[in-house]
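Under the UniProt record's numbering, the first residue of the sequence shown is numbered 1, with each subsequent residue one higher.
No lab work stands behind these hints: they were computed from the structure.
Just to be clear, a hint being listed does not mean it is correct.
[Unchecked claim] Label pairs and their calculated CB-CB ranges:
#1 L69 / V28: 19 to 29 Å
#2 A264 / Q294: 18 to 28 Å
#3 A72 / G215: 24 to 34 Å
#4 F206 / G66: 20 to 30 Å
#5 V73 / A25: 47 to 57 Å
Beta carbons: idealized from backbone N, C-alpha and C, even for Gly.
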Amino acid sequence: MSEPLPETPRPLAPDAAAPPQLWYAWPVRAIELWLEADGPRMSAAMSFYGMLSLAPLLVVMVASLGWWLDRAVVEYNLLAQIRTFTGERTAEVVRQALASAQAPSEGLVASVVALLLLLWGATGVFAELQSAFSRIWQTVTAAPSRLGWRETATLRLRGLAYLLVMGFLLLLSLVLSAALAVATAWLGVYFPYRLPLLVLSEGASFLFATALFLGLMRLSASPKPRLRFLALGALLGAGLFTVGRHGLSSYLSGAAVVSAYGAAGSLVALLVWIYFSSAVLLLAAACAKALEEQAPAVQPGSR
């Protein structure tokens, strides 16, 4: 009587053979991408470019909003928002920069040259964003390529169009903030609990930050993650920005930064704010790339 043949082990199913994905795999990968692309150094560079582009950026935004609202009202509300986040002295620096950028030039040629320099400076930070996103989203074998003059001009025109869209979103934010302020003052007498209104205000700020981050990432001309991963990255970045801005504003509103740097304390506080915003934006882009890498491969013909 022959001995029974040994059973051949059954191959494991693909799902069973693959190691389970850890829930913290994509956050670790996002931080790795952010550090490999020199996120802290790029944020510092963007804070410098953002400081140089701040005054023309605000001038273009105020001019676009001036089509619907009074320019003085727009400037007042814009400075009020900056004052709430960063303090009185930082808002004064922004006000002086805005007033200096709006100083009229003498002569037609000087006015045209000033307008061109204004538009070029306002869109300068978007060119730096292009380089930052390219370093985060590029593959291992891809080499960073320099943009030609046509691509650079196209990118700056897209940045100018984005400024107009951002101005429209800011207009909606100002209208919503005014409506919430009126509702809070009216309901404060009859409804002492203002928590729902505060939650609504924070929710509106969160949605505005999400739209801002998503628009900036979509502006990039380099190969980027798919839209749903960009949206998830924008949501994560907006959440981090909403939580972090409260701690940063409470720190910068005190006298620690101003007393340490003297007269330049307000400028340093504004640089810290731009650095924080740039770092969160680049981390949101890294989260979008990490989420796309961790997602299962898309089958051909499927969406």
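Cross-check of the supplied hints:
1. Taken as a hint, the range 19 to 29 Å is violated for the pair L69 and V28, whose Cβ atoms sit roughly 46 Å apart.
2. The supplied range of 18 to 28 Å is broken by A264 and Q294, whose beta-carbon atoms lie about 44 Å from each other.
3. Checking the proposed 24 to 34 Å range against A72 and G215 shows it holds: the Cβ atoms sit about 27 Å from each other.
4. The hinted window of 20 to 30 Å between F206 and G66 holds, with their beta carbons roughly 27 Å apart.
5. Distance hint check for V73 and A25: the Cβ-Cβ separation is about 49 Å, which falls inside the suggested range of 47 to 57 Å.
Checked against the numbered hints listed earlier, the structure breaks hints 1 and 2; every other hint is satisfied.
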